[in-house]
Amino acid sequence: MKPLEVKKLTVEYMMYRGWVEVVSNADLEINERDEILAIVGESGCGKTTLGLTIAGLLPSNARVVHGYVKVFGKDVNSGSAKVAMIFQDALTSLNPLLTVGDQIAEIYIHHFAMSKKEAFEEAMKRLAEVGLQASFINKYPHELSGGQRQRVLIAMVIALRPELIVADEPTTALDVTTQAKVLNLLKSIVKGKGIPMVYITHDLALVAHIADKIAVMYAGQVVEYREKLALFKDPLHLYTQALLSSLPRVDVELSELRTIRGEPPVPGNFPKGCRFSPRCPKAFSRCFVEEPRIKNVGNGYVRCHLYE
Amino acid sequence: MSNGVLVKTVGLKKYYEVRSMFLKRVVGYVKAVDGVDLEIRRGETLGLVGESGSGKSTLGLVLAKLVEPTSGIYIFNGIDITQRFPKALRGKIRIVFQDPYSALNPRLKIKESVVEPLMAQGLDRDEALEKAVDYLKLVGLSEEHLEVYPHMLSGGQRQRVVVARALITEPEFIILDEPTSMLDVSTQAQMLELLKDVKVEKNLTYLFITHNLAVARYISDTIAIMFAGQIVEIGTKNTIFNNPLHPYTKTLLSAYPPPDPEFQWTPEIPEDTSSIDSSYRQGCRYAGRCPLKIDDCLKSMPELIEVERSHSVRCHLYKT
Chain A
1 MKPLEVKKLT VEYMMYRGWV EVVSNADLEI NERDEILAIV GESGCGKTTL GLTIAGLLPS
61 NARVVHGYVK VFGKDVNSGS AKVAMIFQDA LTSLNPLLTV GDQIAEIYIH HFAMSKKEAF
121 EEAMKRLAEV GLQASFINKY PHELSGGQRQ RVLIAMVIAL RPELIVADEP TTALDVTTQA
181 KVLNLLKSIV KGKGIPMVYI THDLALVAHI ADKIAVMYAG QVVEYREKLA LFKDPLHLYT
241 QALLSSLPRV DVELSELRTI RGEPPVPGNF PKGCRFSPRC PKAFSRCFVE EPRIKNVGNG
301 YVRCHLYE
Chain B
1001 MSNGVLVKTV GLKKYYEVRS MFLKRVVGYV KAVDGVDLEI RRGETLGLVG ESGSGKSTLG
1061 LVLAKLVEPT SGIYIFNGID ITQRFPKALR GKIRIVFQDP YSALNPRLKI KESVVEPLMA
1121 QGLDRDEALE KAVDYLKLVG LSEEHLEVYP HMLSGGQRQR VVVARALITE PEFIILDEPT
1181 SMLDVSTQAQ MLELLKDVKV EKNLTYLFIT HNLAVARYIS DTIAIMFAGQ IVEIGTKNTI
1241 FNNPLHPYTK TLLSAYPPPD PEFQWTPEIP EDTSSIDSSY RQGCRYAGRC PLKIDDCLKS
1301 MPELIEVERS HSVRCHLYKT
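Line by line, the protein sequences are chains A and B.
Using this note's numbering, you'd call the opening residue of the first sequence number 1 and step up by one each time.
Using this note's numbering, you'd call the opening residue of the second sequence number 1001 and step up by one each time.
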């Protein structure tokens, strides 16, 4: 059974003008227990909504129109699939009135019916696993730095013993040095414990190092879904190409960035035909009227008329 | 205007008082900017790189004359403006902030926001509006944007408005405080290109504050690395990237990977990066984290020393 299977998933949000499509026909999967699938895109592309759907955490003003998310063969909304989520802002994810120890131990007491003593012993082990000293068990969230808070959240996620982790921009709020450490911690958890992860981010540089497979989203659709190496070596979709060439780099001297004209469309206002067509340098007549279908390439696919 | 230096600071400091809860007595200082000597040449872009809390934004505010320095000297275009800031110079130094959502008054139309600095200078409203159109076009917006409100624009468009408003007083020096860090990748690229273009067209000098080394490398001529209120290394872009000397610079450079999956990324980061040693004993401020520290590092504060032509570093390891 596959760790994650997303099939023809379409999600809508209730907005003031009615139901608006935010994620359209997404197809994704994770095949191995130690795989990291990255979802990359700009703001408003639907990556967070897709992540929430995978975690079974859609808010009440959202609905799944069709398609499904299965985690190890179980529907994510059935209650038996165990998915844990890590958010960008660790401070709002933690209870300010409880110590770190209380919050981790709570999981063992409520989910695994342990005694308080056992639960705290387990909590200590989890803290050690995420690289925090034992003294942190009695600290409150406000006493911690951003990176330490994110580590506490990761400890809580491990404590839940999930079958899948969804991490939504977990390092965006952190400084670069802290970011590198948290990233490596997440990667070691996936590889060491065999808990697959969906990693949502806008940062292609990080993705190049953490992901195994990458899904690039644009205007609610997954426009390209490939193995990491293939995507960076030979990006097919023109949006992927444009994203990669508009990135300033630390390793090489660039004299100019290739920019994409215009701005990404917002939900409810997606263009007809191919959604990237108004900004695409290679768009032809068909692109403006007909939505491209998925074309399988290797282990992934691309959604572009040029490759049909 | 001696040797083309537009902005010069000597020993610039900004300390914030820390007061006790009871009786509000001063119990200490936060040394946000602690002795910064800078020279920015006319037409240069100085990239100021540091992590949160390094004091880079405070330095930007001091240079924008929005915050009074505690001590030190600030010379702009040969004139000492540390104490007095002559009215004629006020439009010559402008600042662009990170967040384009809070930088514009939500109740003012774009045109009102853009002409405001000119009205403050006592310009006629019609003239100011005419000028506003020119500057909106310069930043890639059009006349139709004059009549809209900020909420109708995207983040990238708003930041363009903010840039137009900064440019409209015909400044010579612009402080850009993380102007692209809230923008998406594709919008960021557009903004960086725009900033590069107007710099040439309007003959500007930039202080570009950022935490993103990739952006700093792309936009800057010179890069200064800031840590705990001090500049720990400064040099041309190439010397900083090809021959970083300060242990902190090396850490920063290894902490952010290039977008290349075949690059072997091994970040070399000291164990404890949680806090800057705030006790600020007499020693080096980086000593608490530094993997290479020697005895001297705990005893005395290193000076910023020029180790090669236009490359200075503040570290005991490079004493001549």
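Keep in mind the hints are simulated off the structure, nothing from the lab.
Some hints could be false.
Claimed, not checked - No more than 20 Å apart at the CA atoms, straight line, and that leaves these computed lysine to any residue pairs for SDA-like: (1) Lys1031(B) x Glu1271(B); (2) Lys181(A) x Pro1171(B); (3) Lys181(A) x Thr1266(B); (4) Lys1293(B) x Glu1303(B); (5) Lys1013(B) x Asn1105(B); (6) Lys1199(B) x Lys233(A); (7) Lys181(A) x Pro1291(B); (8) Lys187(A) x Pro1261(B); (9) Lys272(A) x Phe72(A); (10) Lys193(A) x Val83(A); (11) Lys1293(B) x Ser1310(B); (12) Lys181(A) x Ala1128(B); (13) Lys187(A) x Ile1269(B); (14) Lys1137(B) x Lys272(A); (15) Lys82(A) x Pro59(A); (16) Lys181(A) x Tyr1318(B); (17) Lys191(A) x Leu1304(B); (18) Lys233(A) x Phe1263(B); (19) Lys74(A) x Leu160(A); (20) Lys181(A) x Glu1303(B); (21) Lys8(A) x Glu106(A); (22) Lys1250(B) x Asn184(A); (23) Lys1250(B) x Lys74(A); (24) Lys8(A) x Lys187(A); (25) Lys1087(B) x Ala1128(B); (26) Lys233(A) x Lys1250(B); (27) Lys1087(B) x Met1119(B); (28) Lys139(A) x Lys193(A).
Since the model is a prediction, treat every value here as computed from it, not as a measurement.
Proposed proximity, asparagine 184(A) with lysine 1250(B) (alpha carbon, max 20 Å): holds (18 Å)
Does proline 1291(B) sit within 20 Å of lysine 181(A), going by the straight-line distance between their CA atoms? holds (16 Å)
Would the hint linking lysine 1250(B) and lysine 74(A) be met if the CA-CA limit is 20 Å? violated (47 Å)
Given pair status - phenylalanine 1263(B), lysine 233(A), alpha carbons within 20 Å: holds (13 Å)
With a cut-off of 20 Å on the C-alpha distance, tell me whether lysine 181(A) and tyrosine 1318(B) pass. With a Cα-Cα distance of about 28 Å, the restraint between lysine 181(A) and tyrosine 1318(B) is violated, given a limit of 20 Å.
Given the hinted pair lysine 181(A) and glutamate 1303(B), is their Cα-Cα distance within 20 Å? violated (30 Å)
So if I understand the rule, the pair passes when the alpha-carbon distance is 20 Å or less; does lysine 193(A) with valine 83(A) pass? Roughly 15 Å separates the two Cα atoms, so the pair holds.
Within a Cα-Cα threshold of 20 Å, do lysine 8(A) and glutamate 106(A) meet the stated pairing? Not OK: lysine 8(A) and glutamate 106(A) at ~37 Å, beyond 20 Å, violated.
Restraint check for lysine 8(A) with lysine 187(A), where alpha carbons must lie at most 20 Å apart: Roughly 28 Å between the alpha carbons, so the hint for lysine 8(A) and lysine 187(A) is violated.
20 Å limit on alpha-carbon distance, applied to hinted pair lysine 181(A) and threonine 1266(B): Status holds; Cα separation ~11 Å.
Just to be careful, I want the Cα atoms of lysine 1013(B) and asparagine 1105(B) compared with a cutoff of 20 Å; is the pair within it? violated (31 Å)
Is it true that the CA of lysine 181(A) sits at most 20 Å from the CA of proline 1171(B)? violated (41 Å)
When held up to the earlier numbered hints, the structure conflicts with 1, 2, 5, 6, 9, 11, 12, 14, 16, 17, 20, 21, 23, 24, 26, 28 and fits the remainder.
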